[in-house]
Every structure is written in structure tokens, then in C-alpha cells.
Amino acid sequence: MRNVRYALGLALAVTGVVTIQALPHLERYSLARGDAVVEAPPGGTAEHAGSRWRLISLEPAQPGELAPAGTRALTAVIGVTPLSREAGKALAKGCAAAVRDPSGRVWTSATGSSVTPLDGVEPTCARVDKNYKAVAPKTGKEVRWQASFVVPAAAADPLRVEVRLEGALEALRLAR
Amino acid sequence: MNRAATVAIGLALLAAIGGAQRLVPDADLTYRPIATSGVVGEEVRVLPYTFRVDGVDLGRTLRLEKSFGDQTMTTGGVWVVVRAGAAATTEQVTLGTAVLRSADGAEFAVSDRVLGLEGESLQAGIWRKGALAFEILPGQVEGARLVISKARYSSIHRLNGALGPAVEIDLGLTRERLAAAGPTVTIKESAP
Amino acid sequence: MSPHGRGVWRWYGGIAAVVVSSLLIAWPLGGLEDAVKEGPRQISLGQSVTGHRVAIKPGRVAFTTKDPLPWSDAGQKGRYLVLDMDVTNVSPQAVNLTELYLDFDVHADRYHVDPIADLYRQAVLRDDSQGGQINPGMAEKVRFAWVLPASVSEPRQVTVTMRDETWEPSWSLLGYSSGVSLWFKGEVMATLKARVERG
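Chains as they are written, first to last, in our numbering: chain W, 1 to 176; chain L, 1001 to 1192; chain U, 2001 to 2199.
One thing to keep in mind: the hints can contain errors.
Simulated restraints, written as ranges between beta carbons of each label pair [unchecked claim]:
#1 W:139 with L:1041: 23 to 33 Å
#2 L:1055 with W:86: 51 to 61 Å
#3 W:8 with U:2008: 52 to 62 Å
Here are the simulated lysine to any residue pairs, SDA-like style, with alpha carbons at most 20 Å apart [to be verified]:
#4 L:1188 with W:152
#5 L:1066 with W:70
#6 U:2077 with U:2178
#7 L:1129 with W:70
#8 L:1150 with U:2181
#9 L:1129 with W:68
#10 L:1188 with U:2129
#11 U:2057 with U:2151
#12 U:2141 with L:1096
#13 L:1129 with W:7
#14 L:1188 with U:2182
#15 U:2066 with U:2164
#16 L:1188 with W:68
#17 L:1129 with L:1107
#18 L:1150 with W:152
#19 L:1150 with U:2177
#20 W:93 with L:1097
#21 L:1066 with U:2072
#22 L:1150 with U:2072
#23 L:1150 with U:2182
#24 L:1066 with W:68
#25 L:1188 with U:2057
#26 L:1129 with W:133
#27 L:1066 with U:2129
#28 L:1150 with W:67
#29 L:1188 with W:67
#30 L:1066 with U:2104
#31 W:133 with W:152
#32 U:2193 with U:2104
#33 L:1188 with W:133
#34 U:2141 with L:1073
#35 L:1150 with U:2178
#36 U:2141 with L:1061
Just so you have them, the derived chain W footprint on chain L, three or more residues with Cβ under 8 Å [claimed, not checked]:
#37 1086-1097
#38 1117-1125
Honestly, the hints are just simulated from the structure, not real lab data. Glycine included, every Cβ here is placed at the ideal spot set by N, Cα and C.
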């Protein structure tokens, strides 16, 4: 009986020490989860965060004044349809876009001074009102928004577009 | 075995434990970034970026060319301006912390009066050129090396800081280079 | 007493002997402290004090309504308390002014100046520009400026305590610290008592 108590005590002590040592690494674990991806088939749609997403186009764009030499400009037009009110609200928080080449290199979206934006396409995944405030898009109605990129002239195709909603752990990957 | 031998072996083991304890590197050494060395003109590749020093200029004053008027800045020491270029490897990153480490180990931080290459966003495969400006005591110029560490990723899903790589460049700074320093060194401040 | 019980007492006795004998050796050698502590030095304007990170020589304390650290030519009128010092970095690393500032605690007469709420700005002053850091071995002119609340009358005297900083390994019970060395707040190294100038 005494041996059982010793064993229990020992097991508890070991578990305690391991827990105390592991706690600081939990943050690292949650950071690592940021690599998770939802992938849409090329040219197809994908459901992510309660909305339906598609890549409408990814075309060469007009470079802006500050575009560095040896680069090309691209603009992606992305369609997103919130399937519920909550999904629309999630979109209103904003999303970040990037392009990724087959070797895993990633370029985050560029500013207007590097790439001239397209007219008549929303600048973010949420509608923007007259006061430049984000408004949750209507359920079932597609929002077409754009993201521009500056990539090296030699960046290899096919480039895929990645979208990450503010605060989301998973990213969405779209391709033409 | 008799008691004396047991005690002697016990003491020897204790001394061995003490000795082994002293051989354990301290945290400062353990967590020190792993530096890749290079010289002026050489492309130094580390995980987050590739970095190259194109040249080094020294001067008693620094003239900063800005888009809205120039500014001249003095110093209690001497200005060391490192002209360099860098490109990210796979994703957006900034160089992070740049210091000039003198031969005696003192670390001179990059000047906070100049917006330099250290804070600029680097994109994968796209070279950006810029300058790193330091103020250093004239007596410590000789043998000073450029050390860049703590690369900062823009993605929150990357850990910054400790255990990351570093770049260490021998700038070839000698007493003769200091003596030949011009009165003024000019740099163009990078666009934000 | 059983033979088993005697064994346990022998262990306790051994441990007690080790503790007592180490105390008996340590006590006559100056106790268990590293060194005898000296109280903080009392300094006045123009006197300098050197710590592990910086050497400080306070030069002037003033109350003024003119902006002591203007962003633009115009500046901002207000009720400012200004401390001017010569600071030399005696450590092998650059000193950031925002860190150095936190080593100071100021009383204007009997009012305790709030280090966060009352802070106006701090800067390294040069003829041509302002900065926020002091490199190793460099001597710089440093200005701290606070805005005094309207309820506080114009001060006649200030008492400023300055803390030293020491380079020590970081430590935490749960393992949140890596153990790498950092600058930690140390003892109060000096107390400045000075009359406040007007202007």
C-alpha cells in the first residue's frame, strides 16, 4: 500500500514539473498553428469562416511611382459571399492578402504608391462607407475586392493568393 | 572497500559535479544568435534574408538628404555610414537590430536620428538599398564589426528574437581609414 | 529508540552540522552579503555620480512656461518642470532614454511627480537635432521635462532620486525567463536636492 502511495506521489511530482516546464511553450504551439491552410481547387470556390470565396482574376497591374526596379505588379480580384450575418461581421474586421509562389515565397499586399489600384473594386474584403468605415457585407451578396502585389520579375508561376481574416488562425489559399 | 576510500571517491565525484557545472555555458552564450560572418562586398545569406555591405564611409558630420530639405548632424564621435542592400528570403521581414561592435566588445546602436535600412520592410527576392548610420568614438573605430540580429517578421505566426540568426561583417575599419575620413558624409534618407 | 530511528537522527544531525558550520564560516567573513551597503549619496547641482550604466551630473532644474522641448518652432505653452543633466554612458551597450528615465523619481516640493501622467518628453539634446539614445562612452546633454498640474503651485525645491542599474541574469520560477542577462533596477545611487530656477 505504501509503495502505491509513493508511486502516486512520484507520478504527481513528475507531472507537475513537466506541466510547469511546458506552460511557457504553449504560446509557441499556438503560434505554430498559424500555418494551417484551407485550400480551394484551382479556379474553384472554398468555404472559409462562414463565407464562400473565389479568385476572380490575378492579372498584371500598372506599377506605381515607388515600385522597385526588377519587379512586376499584380492585382488580384477576390469574390467573397458571406453565408450568414456572423460571417459578414467577421469580414468587416478586415483581412490580409498575400501571394505565394510554388517555392513558398510570400509577398504581402503592396500600397497604392507601388501598384495603381483598379477602379470600381473594393479595397478590402468589407464594404467601406462614405466615412471610410468598414460595413459588414450583406448575407448572400458577393463583395468583389482587390489586393495588389509587387513581386520579383522572375517570380515563378503559378502564384496563389492567400487570405487571412483578422484574428483567424487558418489562412485560405485560392488559385486560378 | 574501507570507509576512507568511500569518502575520497565521494569527494572526487562532488568535485567532478562542480567542474561539470562550470562547463555548462550560461544563458547569454546559449541564446546568443548564431552569426554568419562576411566581408564588404560579400552576400551573406541567413534564414530570413540576404545582406550585402557595398561600402563604408566615415565623416565628422552627417548630411541627411530628405525629401523636405536637408539636415546636417554633428556627433561627439565620428559617423560611420554603412551602405548596404538586403532582400528577404521567403517572406516580409525587417533586419531588426544593428550594432557596431568595437574590438573591446562595446556595442554602438544604429543612430536613432536617421531612418535607416534596419527598419525597412524587405520583400522576398526584391533587393532594397539603404544605409546604416552609427556614431562611434574615434578610438573604437579600428576593428569595429557590423552585427545585425533579431530579424523581425511581420507575420505574427513567426517567433522573433532569441536564437535567431545574425550577420557579422568585418568592415575593414583601420586607423588609416579613420585618418582619411572626410569632413562630411552624405546619405539619402529612405522613403518610409 | 529503534536502530531505524537512530539512523534518521544521524541524518538530521549531519544536515544541521553542515548548515551551522557554513554559517559559522560565513558570519565572521562579513555575513552572507556581498559587500557592506552604503546609503545613497546626497548630491547637489554640478556634482556627479557614477553607477553601473551611466554617470550623471545634474546641471539645472527649472520651472518655465515656455516649451522646453518643442516639436516645432512655435512650441506649446504650459507649466513645465525641467531637469538638465550631463549623462555619460559607462556601460558597453547603448542606453535608451526611456529606460534611463524610469530610474528617476521626482518630488517638486511635496508633490510627487507622476512618472507617466506628468511626463512631457525626454531627449538627448544636440545643437542640430534631438535623439533618444546614448552610445557607449559618449557624453550627452539630456533633458527631462514634466508638465505640472494646475493644482500644484510653482515649486521652489526638487528632490530627485536616481536608481542604478545592474546587468544580471534574468530568472523566473516557472521558466518564463530564458536566463539571459538584462539590465535590472538596482539600488538608489544618489539623491539630488536642488533649488528650482525660474525661466
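So, going through the hints one by one against the coordinates:
| no. | hint | in the structure |
| --- | --- | --- |
| 1 | W:139 with L:1041: 23 to 33 Å | violated, 60 Å |
| 2 | L:1055 with W:86: 51 to 61 Å | holds, 57 Å |
| 3 | W:8 with U:2008: 52 to 62 Å | violated, 23 Å |
| 4 | L:1188 with W:152 | violated, 24 Å |
| 5 | L:1066 with W:70 | violated, 25 Å |
| 6 | U:2077 with U:2178 | violated, 46 Å |
| 7 | L:1129 with W:70 | holds, 13 Å |
| 8 | L:1150 with U:2181 | holds, 16 Å |
| 9 | L:1129 with W:68 | holds, 10 Å |
| 10 | L:1188 with U:2129 | holds, 17 Å |
| 11 | U:2057 with U:2151 | violated, 30 Å |
| 12 | U:2141 with L:1096 | violated, 27 Å |
| 13 | L:1129 with W:7 | violated, 64 Å |
| 14 | L:1188 with U:2182 | violated, 35 Å |
| 15 | U:2066 with U:2164 | violated, 31 Å |
| 16 | L:1188 with W:68 | holds, 16 Å |
| 17 | L:1129 with L:1107 | violated, 24 Å |
| 18 | L:1150 with W:152 | violated, 25 Å |
| 19 | L:1150 with U:2177 | holds, 17 Å |
| 20 | W:93 with L:1097 | violated, 32 Å |
| 21 | L:1066 with U:2072 | holds, 17 Å |
| 22 | L:1150 with U:2072 | violated, 34 Å |
| 23 | L:1150 with U:2182 | holds, 16 Å |
| 24 | L:1066 with W:68 | holds, 19 Å |
| 25 | L:1188 with U:2057 | violated, 36 Å |
| 26 | L:1129 with W:133 | violated, 36 Å |
| 27 | L:1066 with U:2129 | holds, 14 Å |
| 28 | L:1150 with W:67 | violated, 27 Å |
| 29 | L:1188 with W:67 | holds, 18 Å |
| 30 | L:1066 with U:2104 | violated, 36 Å |
| 31 | W:133 with W:152 | violated, 33 Å |
| 32 | U:2193 with U:2104 | holds, 13 Å |
| 33 | L:1188 with W:133 | violated, 37 Å |
| 34 | U:2141 with L:1073 | holds, 15 Å |
| 35 | L:1150 with U:2178 | holds, 15 Å |
| 36 | U:2141 with L:1061 | holds, 18 Å |
| 37 | 1086-1097 | holds (count 4) |
| 38 | 1117-1125 | holds (count 3) |
Of the numbered hints stated above, those contradicted by the structure are hints 1, 3, 4, 5, 6, 11, 12, 13, 14, 15, 17, 18, 20, 22, 25, 26, 28, 30, 31, 33, listed in ascending order.
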